[in-house]
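Enquirer: The primary structure of each chain is shown beneath.
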Amino acid sequence: TQLLEQSPQFLSIQEGENLTVYCNSSSVFSSLQWYRQEPGEGPVLLVTVVTGGEVKKLKRLTFQFGDARKDSSLHITAAQTGDTGLYLCAFGGALNFGKGTSLLVTP
Amino acid sequence: EPEVTQTPSHQVTQMGQEVILRCVPISNHLYFYWYRQILGQKVEFLVSFYNNEISEKSEIFDDQFSVERPDGSNFTLKIRSTKLEDSAMYFCASSDTGGETQYFGPGTRLLVL
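Those protein sequences? They're chains R and X, same order as listed. Per the numbering used here, residue 1 is the first one in the first sequence, and the count goes up by one each step. Per the numbering used here, residue 108 is the first one in the second sequence, and the count goes up by one each step.
Treat the hints with care, as some may be off.
Lysine-lysine pairs mimicking BS3-like chemistry, simulated, CA-CA at most 25 Å apart [as the list claims (entries may be wrong)]:
id : chain 1 : residue 1 : chain 2 : residue 2
1  : X       : Lys149    : R       : Lys70
2  : R       : Lys99     : R       : Lys56
3  : X       : Lys185    : X       : Lys149
4  : R       : Lys99     : R       : Lys70
5  : R       : Lys56     : R       : Lys70
6  : X       : Lys149    : R       : Lys99
7  : X       : Lys185    : R       : Lys70
8  : X       : Lys164    : X       : Lys190
Only some residues are given here: those of chain R computed to face chain X with a beta carbon under 7 Å [to be verified]:
id : residue
9  : Ser31
10 : Glu41
11 : Phe97
12 : Ser102
If you anchor each label on the Cβ, the simulated ranges turn out as follows [unchecked claim]:
id : chain 1 : residue 1 : chain 2 : residue 2 : range
13 : R       : Leu58     : X       : Gly179    : 29 to 39 Å
14 : R       : Ser30     : X       : Gln171    : 42 to 52 Å
15 : R       : Pro8      : X       : Gln171    : 31 to 41 Å
Honestly, the hints are just simulated from the structure, not real lab data. Here a beta-carbon is modelled for each residue, glycine too, at the ideal position from N, C-alpha and C.
Required output: the full structure, derived from the provided sequences and hints.
Expert: Okay, here's the thing in structure tokens:
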């Protein structure tokens with residue numbers, strides 16, 4: 001069974017700081033998705049990474065897919081309070097989610 | 108921007124009762140999914156549906172669960188006889204390609220008493 005390990009589990013930072021969260025597995029993926037989920041709402045797709053070594057940017061968010069396509073990272077530059085949420089990585093058509101990184105950005 | 112909608116937003120039911128959760132997927136999408144999230148746990152896949160039939164289901168999706176596309180717009184999840192452990196957020200999702208890019212609804216919070 002392929003499993004996604006996300007780290008850290010929780011992260012609390014102040015506005016303006018940078019952060020990186022990770023999604024790791026021992027398996028190779030054809031693609032990986034990153035979602036953000038706010039309390040009481042459904043996951044919202046942020047990005048899909050497909051190619052090993054690929055880097056995608058979404059405003060202050062930078063997503064990287066590992067060269068071997070086994071891991072991915074999400075880097076947020078100059079975090080804002082609106083970035084607060086649960087960041088999930090997932091793979092597969094029947095999406096298999098990690099447990100997520102819960103991010104809290106305080107003023 | 109098109110979005111997936113779900114009704115009701117909250118449902119409280121007694122154990123043993125039947126519930127039907129409703130979803131309206133994005134209009135040009137052909138692939139539909141149900142997921143659930145028990146409080147404090149990760150989002151879990153239940154079932155996928157394409158061309159009027161189930162294409163894949165998880166171990167969670169046992170005989171108590173069924174899905175239906177009763178018309179051209181709705182997609183429903185029925186739980187025949189609810190159990191306490193069915194209490195969770197249930198999310199519907201849809202996709203135009205059947206791949207990993209899926210768009211989620213806001214969820215229905217089900218509480219079984």
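Enquirer: All hints are to be evaluated individually against the structure, with a verdict given for each.
Expert: Hints, one by one, checked against the model:
1. A threshold of 25 Å between alpha carbons decides the hint, and for Lys149(X) with Lys70(R) the separation of about 20 Å falls inside it, so the pair holds.
2. With a C-alpha separation of about 22 Å, the suggested pairing of Lys99(R) with Lys56(R) holds against the 25 Å cut-off.
3. A C-alpha spacing of about 21 Å is found between Lys185(X) and Lys149(X), which places the hinted pair at or below 25 Å, so the restraint holds.
4. Note on Lys99(R) and Lys70(R): the hinted pairing holds, with a Cα-Cα distance of about 17 Å set against a maximum of 25 Å.
5. Taking the CA atoms of Lys56(R) and Lys70(R), the gap is about 16 Å. The hint holds against a cut of 25 Å.
6. Restraint check for Lys149(X) and Lys99(R): the C-alpha separation of about 5 Å stays at or below 25 Å, so the hint holds.
7. A threshold of 25 Å between alpha carbons decides the hint, and for Lys185(X) with Lys70(R) the separation of about 37 Å lies outside it, so the pair is violated.
8. Restraint check for Lys164(X) and Lys190(X): satisfied, since their Cα atoms lie roughly 19 Å apart, inside the 25 Å limit.
9. About 6 Å separates the beta-carbon of Ser31(R) from the nearest beta-carbon of chain X, less than 7 Å, and the hint is met.
10. For Glu41(R), the shortest C-beta to C-beta distance to chain X is roughly 5 Å, which falls under 7 Å, so the interface hint holds.
11. The beta carbon of Phe97(R) comes within 4 Å of a beta carbon in chain X, closer than 7 Å, and the hint placing it at the interface holds.
12. Given hint, Ser102(R) at the interface with chain X, is violated; its Cβ is 11 Å from that chain's nearest Cβ, farther than 7 Å.
13. Leu58(R) and Gly179(X) have their C-beta atoms about 34 Å apart, which keeps the hinted 29 to 39 Å range intact.
14. The supplied range of 42 to 52 Å is broken by Ser30(R) and Gln171(X), whose beta-carbon atoms lie about 33 Å from each other.
15. Between Pro8(R) and Gln171(X) the beta carbon distance is about 37 Å. The supplied range of 31 to 41 Å therefore holds.
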